[in-house]
Every structure is written in structure tokens, then in C-alpha cells.
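From just these sequences and the hints, can you work out the full model?
Protein chains: 2
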Amino acid sequence: MHEGNRTEISTLGEFGLIKHLTQDIKPVNPETKYGVGDDAAVLEFPNQQVLVTTDLLMEGVHFDLVYTPLKHLGYKSAMVNLSDIYAMNGIPKQITISLAVSKRFCIEDLEDFYNGVKLACQLHNVDIVGGDTTSSVTGLAISITCIGVADKDKVVYRNGAKDTDIICVSGDLGAAYMGLQLMEREKAVFQGEKEVQPDFAGKEYLLERFLKPEARRDIVEALAAAGIKPTAMMDISDGLSSELMHICSQSNTGCRVYEERIPIDYQTAVMAEEFNMNLSTCALNGGEDYELLFTVPLTAHDKVSEMKDVKVIGYITKPELGCALITRDGNELELKAQGWNPLKE
Amino acid sequence: MHEGNRTEISTLGEFGLIKHLTQDIKPVNPETKYGVGDDAAVLEFPNQQVLVTTDLLMEGVHFDLVYTPLKHLGYKSAMVNLSDIYAMNGIPKQITISLAVSKRFCIEDLEDFYNGVKLACQLHNVDIVGGDTTSSVTGLAISITCIGVADKDKVVYRNGAKDTDIICVSGDLGAAYMGLQLMEREKAVFQGEKEVQPDFAGKEYLLERFLKPEARRDIVEALAAAGIKPTAMMDISDGLSSELMHICSQSNTGCRVYEERIPIDYQTAVMAEEFNMNLSTCALNGGEDYELLFTVPLTAHDKVSEMKDVKVIGYITKPELGCALITRDGNELELKAQGWNPLKE
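Chains A and B supply the protein sequences, listed in that same order. Start counting the first sequence at 0; every next residue gets the next number (numbering that gives the first Met the number 0). Start counting the second sequence at 0; every next residue gets the next number (numbering that gives the first Met the number 0).
Read the hints as simulated data drawn from the structure, not as lab findings. Incorrect hints may have been included.
When chains are identical, the list treats them as one kind, so a pair holds in a single copy or across two.
To be verified - Derived pair list, reagent style DMTMM-like, types lysine to aspartate or glutamate, alpha-carbon separation capped at 25 Å:
id : residue 1 : residue 2
1  : 211       : 273
2  : 25        : 333
3  : 302       : 217
4  : 228       : 23
5  : 102       : 63
6  : 202       : 30
7  : 153       : 43
8  : 211       : 131
9  : 18        : 7
10 : 18        : 107
11 : 211       : 30
12 : 335       : 7
13 : 151       : 110
14 : 153       : 30
15 : 25        : 111
16 : 32        : 150
17 : 317       : 198
18 : 317       : 207
19 : 151       : 207
20 : 70        : 13
21 : 151       : 43
22 : 18        : 319
23 : 25        : 331
24 : 18        : 333
25 : 25        : 152
26 : 186       : 198
27 : 18        : 207
28 : 317       : 23
29 : 335       : 13
30 : 70        : 162
Structural data, given as C-alpha cells:
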């Protein structure tokens, strides 16, 4: 929350506030005909398919403001929606943001949040075309809708994986989850003793992965440049296991993933050791990596093997073989979706 | 909230719940290529402009579950978004719904809500193409995004009103606000004495207008059939005064509205009398009517005068004349936007 000057939201009112937060927004995409300021935004996509994704994020469930600066929260809220568009092999073009805020938030807080959203949008050439700012009785609620495009024959669904396809993943996994664990630990320590400052030295990468995820536009562009259209693709928000099982279930296939091939950063490994957690479990079930998981035909093996920051981790099988992890010692363990489930007891 | 059988949401989990609520949804529009079930919905609009509107509705701010059945809430949440698309002179095509629910809600509650959304969508040929169901620490949060289309030269903005245009409004005003007042009164009575049952006899129209608003597709179709393209249009969600001032401010004009011409239903008048409220104030500033307010060139006067359920209430002036109400006794009163403002102190 903002420290220093504090301007109450009531001084501007609803329309004044929206105007204040959006006045410097200038659309950059020719597809954006009209943005903020009317009953609806007006867009035009004559030759492409339109992709629409939406997210509702609630304080206390999806984020904790004790360790999430509002600018980071705005950045991340936008980024995870851009990631959904990339996961369809599309390019995000527009975004709408609605916020419900309680009285403990001031205008400077919302400016911070919007600055984070704007930064994410600038990096990905996305226009903010609408939204709403209203009040909430208790916590902060964030609703984001992202609109993207893809050529008609380029959209990639979850349901196109085929037996013998190879499974690829971008970046590395488990770091965001470790960042979250670290934040939770330091929060507990910090709340216990006021004079203790959190110590994050040598763990910056974990924090960055948790607080400032990056949607993988570069991978979508690299795939296009290499002439590869994945047979199935998803972004990893709930954990590799959970997403793999979605792809296999929707494609009616099984899969084999090699434990030793799952990409894991050094800091993630150190942290798992420190927390006495199983590293592979963290990488398989830790969420919020926002890396891309995709399958390509076996014939594309050489091409994807050469791609920067992409790793082949396994292959698709017939459905009757089920989904399994091949451990370092050669055993097969059935994959379970233990990913994050906000509706669990 | 649901009475009788109660199935806890945790028995299904996030993906099971979404599947359960959306399994019977079949897209009816050819523009909907892929709906619920992937990272994003896939739509196609080769020859039209795309309209996007979004709303975030919070329990305790935008609705009170004490007197709002969940099915009505679902219906209304969808309807107010369809209304925004009609207000652009467009036709709604797709909708996404996200809900954040606390543990006091059961699966039957969400079924009720979805049934309301589905009913509204069926009536307007709109496809449910996505959404999310997640948890909330406290109340219910509803996020809806609606996507519509309009021919390129048919989109109507707020900023096109011109001096001498005439101002029209559909239906009647103030009834939804009176319905809300009535509900609030009965809630207070009801909470005081457990044995008192609310008495709504003769006031059904007010309740219906508040609980079950109807988006005016018929007016958009009638305008098209009559060959009229409004110069400016909005739907009345925050009150006639407030919306008129938006049109005048964005069009750089003034306006004159005749008090005696504002359409008001008999039940609204009776109720205002009972509450000892000024009837015109209710009609000017009461929100949630979801009627259409639009301006047309003077040359279209005869055509709009013949339109069913449309009334001419005034005219647009040069900006220096300001926005004013001409009272029954011929005085001019400056219009003030006293409409609903969720961010007011």
C-alpha cells in the first residue's frame, strides 16, 4: 500500500477516477477503433480469429498485499492474461481492467496498480480499452479480460496432441512456487518480530518469478519463425502435472515425462533443499510459472531442440498407457494433478 | 440462497464445477468457433466491428442477496451487459462469466445463478464462451464480459449529438429505483419482525423492473427497421440526468428536457407519493432502468414519434446553453448528475 501522500478516492468519484487513471492511454494497435470512454470498446479484426480470455482475482485468495506491491500486482494481473492468449498461439491486442476497492485504498495505490498494468501492456503492444473502478465492502477484486488475434489456421487448442508427439516446455519450472513459499516464510518471521528484515539475498530469481512473471511472446514468435505449429499448447498456471493432464484428457492421449528433463533453476533447487521439499514435486505441481507447455510432431524434434529456452521433456502416448513420470531411477509414477485448486476444502 | 438440498462446492473442485455448470451450453452463433474449455474462446467476425464491454459486480455494493434471488441476479448481471452492447447500436453475441464465491454458497446456488444467465442469453441468442469460478474470502463477486458486433458504419457513440437533434428515451424511468426503495423498506420491516411478510401487491411492476430488467434489443431493431441511425446513444444505468450529461459533455452540446415528457409508470408515481419523494427526481436520478437514451436528427422526428415505446423528451442545444430541465411551470433548472456513484463517501 502507498506510503506518503494519500489522496482519498472519493475526491474524484467514479468517472473522475477512471478518467484520471486512463487519460494518458493512447491505443497503438490499428485494430483498436475506440477504447475507454463509451458503453463498449470498438475493435476490428477483418482477417483473423479473435481470442478472448478473462480472469477474476480476489485478495486473500489469489494474492496477498502484505508481500505483493500494487505495481507488481497490476503487472502480473495483466501478464497472466496475455499468457493465456499466447497459449492459443495468438497475439494479445487489447485488455480491459476492472477493480473493486475498499476505502483503505487511495488514488496513489490505484496509480501504482495501473502503472504495473501499463508497463506490461507497453512491453507487449497491448491497448487498455476499458474497465471499471467500483467499490468493495472488503478486499480488492481485479477482473481482467484480454483480447487477442491469430490467423485462422494458426490457433492452437489443448485437444490436438497425437500419439508420438513430443512434449516441450519453455523456461524453467517451480521457481514461482518457491518464491511464494519464501514470501510466506518471511511474512511469518516478519510478523513475529518487527525488527527482523526479510533476507532475500541470492534468491532474487525466485521472487522475480513469483512477483513479475513474463508471458512468453518470444516462444510464440520463435515457433512461427521456425515454421512450427504446435499440435496442442497451454500455459502453466496450475502446475505442469495438472496442465499435462488437461492436454492428454482433451486430446484423448496418455504421456510420458522424464523427471531428469524437467527444467529447474539452481535457486529453485537450493530453496527446495532448504525447505526440505521434493524438488520434482515442486516443479510438477508448483503453479504460476506461466511458461508454455506444448506438443509438436516427432518430425519437428530437431527444430525444437535447437530453440532457445525450450526443452523436450517427454512424449505423447496412446490413451490406455495413462499419464506417467519416468523417474531418474527408471520407474513409472502415475501423474496426479495436485496443482493449485482455489475451491478445495 | 438455496433452501433444501445443499451440495458443497468442494465436492466438485474448480474444473469439475465449471464443467458441471457449462456442460449443456451449445453455441448458437456461427461467429463462436470455440467456447468454454481452453485458455481462451475463439471467435470470428470478418465483416463487422467488435464491441467489448465488461462489468464487475460486488455483493454489498451492487446487490443485496437478502432480496435478490440468485437466478434473478444471474439474469440481471447478463442483461446489463447486453444492454451496453445495444447502447452502441450493436448486437451481443458472446458472454463470459466469472464468479468468486465464499463457502456459504453451494452448487445449487451457482446452478440458480447460471440458470438466470442462461435464460437471459437464450432470449438474446448469446453464447456463453468462458469464465471462471473461484473462491472469495467474503462475499460474492461477479465479473461479466460481453462481446457484440455492429456493421462498421452503424456503431453509435456517446459523442455524436448535434445542436437541434431531438432526445428520445425508451420505456419508462424511475421504476427500478422505486423497486429498490421498496425492497429496502420491506427488508427493514422484515428484519425487525420475523412474522411480518413483505406486501408487494400492486407493486409487481416495480419489483420486476428492479430484479429483472430487460435489455432493449427491440428498440435497436426498430431503429434499424425505420432506417434511423441515432447520432448518440447510451443505456440508462446511473439515471437520466447523469447519462444526458455524459452525452452532452462528450458531444460538446447542451440540452433541454421537458419534465412533463419524461415517461413514468403509474406504479412509480404511486410509490413516490407513498415515500414522499419528488417523482421527477426519481425519474431523473434513479438508476438501473436500462432503457435506451438516444438522439436523432430533427428530420427523424416523425419517424421516432411513431415508434412504439419511444418518447421524445427534449432537444440538444449549443453547449453554452448548458443542460437544463424545463419544469411543468416553464422554469429552467440546471441538470445535475446525482446518479448512483459507488465511490462516493
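Checked against the structure, which of the hints given earlier come out wrong?
2, 4, 6, 11, 13, 17, 18, 19, 23, 27, 28, 30
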